[in-house]
Amino acid sequence: MQIYLPIAELPVSILTILAMGAAVGFLSGMFGIGGGFLMTPLLIFLGIPPAVAVGTQATQIVASSVTGALAHFSRNSIDFKMGSVLLAGGIFGSLTGIYIFKLLTVIGQIDLAISVVYVGFLSVIGAMMMVESVKAIRAARGGAVAARRGGHHSWIHGLPFKMRFRRSKLYISVIPPILVGYFVGVLSAIMGVGGGFILIPAMIYLLRMPTNVVIGTSFFQIVFVAAVTGILHSVENQAVDIVLGFLLVVGGVIGAQYGVRMAEKLPAEQLRALLAAILLFIGLRLGYDLVVTPNDLYSVVEAQVTR
Amino acid sequence: MIRFASALAVVAAIALAGTARADVLVTDLSEHQIAIRSNFTGTQILLFGAVEARTPGSRAADRDIIVVVQGPVRPLTVRKKERVAGLWVNHDSVTYPAVPGYYAIASTRPLEVTAAPEALKALRIGIENINPGVPVARSIEGAVQILQPEQESAFWKALIRNKRRNGLYINLPGGVTFLGQTLFRATVDIPANVPVGLYTAKVYLLQNGEIVDTISSPLYIDKRGVEREIYRAAHEDPFLYGLIAVLVAAFAGWLASAVMNRR
Chain A
0 MQIYLPIAEL PVSILTILAM GAAVGFLSGM FGIGGGFLMT PLLIFLGIPP AVAVGTQATQ
60 IVASSVTGAL AHFSRNSIDF KMGSVLLAGG IFGSLTGIYI FKLLTVIGQI DLAISVVYVG
120 FLSVIGAMMM VESVKAIRAA RGGAVAARRG GHHSWIHGLP FKMRFRRSKL YISVIPPILV
180 GYFVGVLSAI MGVGGGFILI PAMIYLLRMP TNVVIGTSFF QIVFVAAVTG ILHSVENQAV
240 DIVLGFLLVV GGVIGAQYGV RMAEKLPAEQ LRALLAAILL FIGLRLGYDL VVTPNDLYSV
300 VEAQVTR
Chain B
0 MIRFASALAV VAAIALAGTA RADVLVTDLS EHQIAIRSNF TGTQILLFGA VEARTPGSRA
60 ADRDIIVVVQ GPVRPLTVRK KERVAGLWVN HDSVTYPAVP GYYAIASTRP LEVTAAPEAL
120 KALRIGIENI NPGVPVARSI EGAVQILQPE QESAFWKALI RNKRRNGLYI NLPGGVTFLG
180 QTLFRATVDI PANVPVGLYT AKVYLLQNGE IVDTISSPLY IDKRGVEREI YRAAHEDPFL
240 YGLIAVLVAA FAGWLASAVM NRR
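If you're matching them up, the sequences are chains A and B in order.
The first sequence begins at 0 in numbering that gives the first Met the number 0 and counts up one residue at a time.
The second sequence begins at 0 in numbering that gives the first Met the number 0 and counts up one residue at a time.
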């Protein structure tokens, strides 16, 4: 069954979109990620213009992260104070990102920028997580106790404006979380992602937050950053397709519920290894497209009216 | 179909009644408005008409019909990728100020044998003869540059190739069929990705390669119903639109977790 999308201006199959939403929602619930890094390339592949894919994706991220955040709220695994600090940076990041997105669209390098940023982040973070989780799995099998991270002082502890985060059992400067939030906000607006796949490693390895509050806090922050990104994309580019968004959300929220349940059954290390494998695969796939000779060297776009 | 048959009967009657010097055209479209609703997956329009023969002795065999359906013009940019440090990067670009978003041409015989190429070129008939205005070429840095004619034409050919691939530029030699001596019809595909706006359907009557009559009729393609309301809301009050989109999504997320928790 086909439906015509009013903003993307093309017809799509309802079932395809619902299935994509459900599949991505499942992974998103399972790993505590927005799932945008999977969905945005899929939408662009379907022929949805990049701006519409990124803008619409933001609404889907809002829905799936609200579900995720509520699940973690009932388990008391959200650090609201840390989440708010990250969010403060995130909103400014989103504003910057929208500006960069517009600029890149005008000079015609938005597709390239999206791909390069994806390839860079997905492969680096995927590789890091893979190494880490393989080590953890080996350590668990060997019966050895994994070395406790943290405790040692790094340059982060020398920064001013320290704040106590009770839920995370941290006493650190607010500068690193604000910068992390800002950075993720920029990526969120450019890439159409919530940024969980960067936020989560940053919270674990950089801010050294306890793993049990990381996913919940990331969901909490992503809800608001994605909401701001969605509204900004609508205002700046009129690029939010509410029909497409609705279909993705319906598929996504259902998939996410099952994903959350599945995550409770799988051991954390293996879950992380699996996520790392997915990140690496998508990174390599997009990287391949950047270097292989395209079928048609020429591409046609609506001319940008320079104001 | 009944509408079509009765319309044909009318034009046939007019055709038979004619007595003056040059042959003239009588044509109509099956639809003058195409509404894009949520179930729109493309459509077809039927163009039909009759040649009112006013020159006794003129042979129908030398008669040709060319039908051109053209969509609204917009500025388009064609970009060429080049390998930079191993990556394919959009490099040079050419912007054409007035490119029709849709262009379908149907004729009784292939265009090459219908009329002289110069005549077709002068009248801008045929996909190759579209006039997109004065192109502006830019380098990757955004500076205006001058391209060799053959380089520039590669960009224009790429644009046509792209439009053909998307089903927006259509060439149908033999797409106009005569039913008997005077009646003719042509069916033109309107794909789902068609741009909205005011279209014109032009019919040319040629006798021995000379144009003897032309008729132009308008065709509106527009979004209707929910599609139109959504599009309007997104452009007229984008902040409210974005806010609603986000709130609906947040509500859906909450609803999902509320439903799943109750089970």
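If you are wondering where the hints come from, they were derived from the structure by calculation, not from laboratory data.
Hints may be right or wrong, so weigh each one.
As a list, the in silico DMTMM-like pairs of lysine to aspartate or glutamate whose alpha-carbon atoms are at most 20 Å apart [to be verified]: (1) K80(B) - D91(B); (2) K156(B) - E111(B); (3) K156(B) - D91(B); (4) K80(B) - D295(A); (5) K80(B) - E301(A); (6) K120(B) - D91(B); (7) K101(A) - E235(A); (8) K222(B) - D236(B); (9) K101(A) - E140(B); (10) K201(B) - D188(B); (11) K201(B) - E149(B); (12) K79(B) - D91(B); (13) K79(B) - D110(A); (14) K80(B) - E140(B); (15) K79(B) - E149(B); (16) K79(B) - D288(A); (17) K120(B) - E209(B); (18) K156(B) - D295(A); (19) K222(B) - D188(B); (20) K79(B) - E235(A); (21) K120(B) - E151(B); (22) K201(B) - D212(B); (23) K156(B) - E127(B); (24) K80(B) - E149(B); (25) K80(B) - E127(B); (26) K79(B) - E301(A); (27) K80(B) - D288(A); (28) K201(B) - D91(B); (29) K222(B) - E235(B); (30) K222(B) - E8(A); (31) K134(A) - E268(A); (32) K156(B) - E8(A); (33) K80(B) - E8(A).
A partial selection of chain B residues facing chain A, derived with a Cβ cut-off under 10 Å [as the list claims (entries may be wrong)]: (34) H31; (35) N38; (36) G41; (37) P74; (38) T76; (39) G85; (40) N89.
Quick reminder that beta carbons are idealized off the backbone N, C-alpha and C, glycines included.
Evaluated hints:
1. K80(B) - D91(B): holds (7 Å)
2. K156(B) - E111(B): Holds - the C-alpha atoms of E111(B) and K156(B) are around 19 Å apart, at most 20 Å.
3. K156(B) - D91(B): holds (15 Å)
4. K80(B) - D295(A): holds (9 Å)
5. K80(B) - E301(A): holds (17 Å)
6. K120(B) - D91(B): Outside the cut-off at roughly 28 Å; violated.
7. K101(A) - E235(A): holds (8 Å)
8. K222(B) - D236(B): holds (18 Å)
9. K101(A) - E140(B): holds (16 Å)
10. K201(B) - D188(B): Cα-Cα ~15 Å, so holds.
11. K201(B) - E149(B): Violated. K201(B) to E149(B) sits at ~31 Å, over the 20 Å cutoff.
12. K79(B) - D91(B): Distance ~6 Å between K79(B) and D91(B) Cα, so the pair holds.
13. K79(B) - D110(A): It holds: about 13 Å lies between the C-alpha atoms, which stays within 20 Å.
14. K80(B) - E140(B): Roughly 14 Å separates the two Cα atoms, so the pair holds.
15. K79(B) - E149(B): holds (14 Å)
16. K79(B) - D288(A): Answer holds: K79(B) to D288(A) is near 16 Å, not above 20 Å.
17. K120(B) - E209(B): Within the cut-off at roughly 13 Å; holds.
18. K156(B) - D295(A): holds (12 Å)
19. K222(B) - D188(B): Measuring from Cα to Cα gives roughly 18 Å; hence the hint holds.
20. K79(B) - E235(A): Measuring from Cα to Cα gives roughly 27 Å; hence the hint is violated.
21. K120(B) - E151(B): holds (18 Å)
22. K201(B) - D212(B): Holds. K201(B) to D212(B) sits at ~11 Å (cutoff 20 Å).
23. K156(B) - E127(B): holds (9 Å)
24. K80(B) - E149(B): holds (17 Å)
25. K80(B) - E127(B): Violated: K80(B) and E127(B) sit about 23 Å apart, past 20 Å.
26. K79(B) - E301(A): holds (14 Å)
27. K80(B) - D288(A): OK: K80(B) and D288(A) at ~13 Å, within 20 Å.
28. K201(B) - D91(B): violated (35 Å)
29. K222(B) - E235(B): Holds, at roughly 15 Å.
30. K222(B) - E8(A): Given that 20 Å is the threshold and the Cα spacing comes to 10 Å, the pair holds.
31. K134(A) - E268(A): Status holds; Cα separation ~9 Å.
32. K156(B) - E8(A): Judged against 20 Å, a Cα distance of about 25 Å means the pair is violated.
33. K80(B) - E8(A): Given that 20 Å is the threshold and the Cα spacing comes to 26 Å, the pair is violated.
34. H31: At about 21 Å, which exceeds the 10 Å cut-off, the nearest Cβ of chain A leaves the hint on H31(B) violated.
35. N38: holds (7 Å)
36. G41: Hint holds; G41(B) Cβ to chain A Cβ min 8 Å, cut 10 Å.
37. P74: With Cβ-Cβ at 4 Å, under 10 Å, it holds.
38. T76: holds (4 Å)
39. G85: Holds, about 6 Å.
40. N89: This hint holds: N89(B) lies near chain A, its Cβ roughly 5 Å from the closest one there, short of 10 Å.
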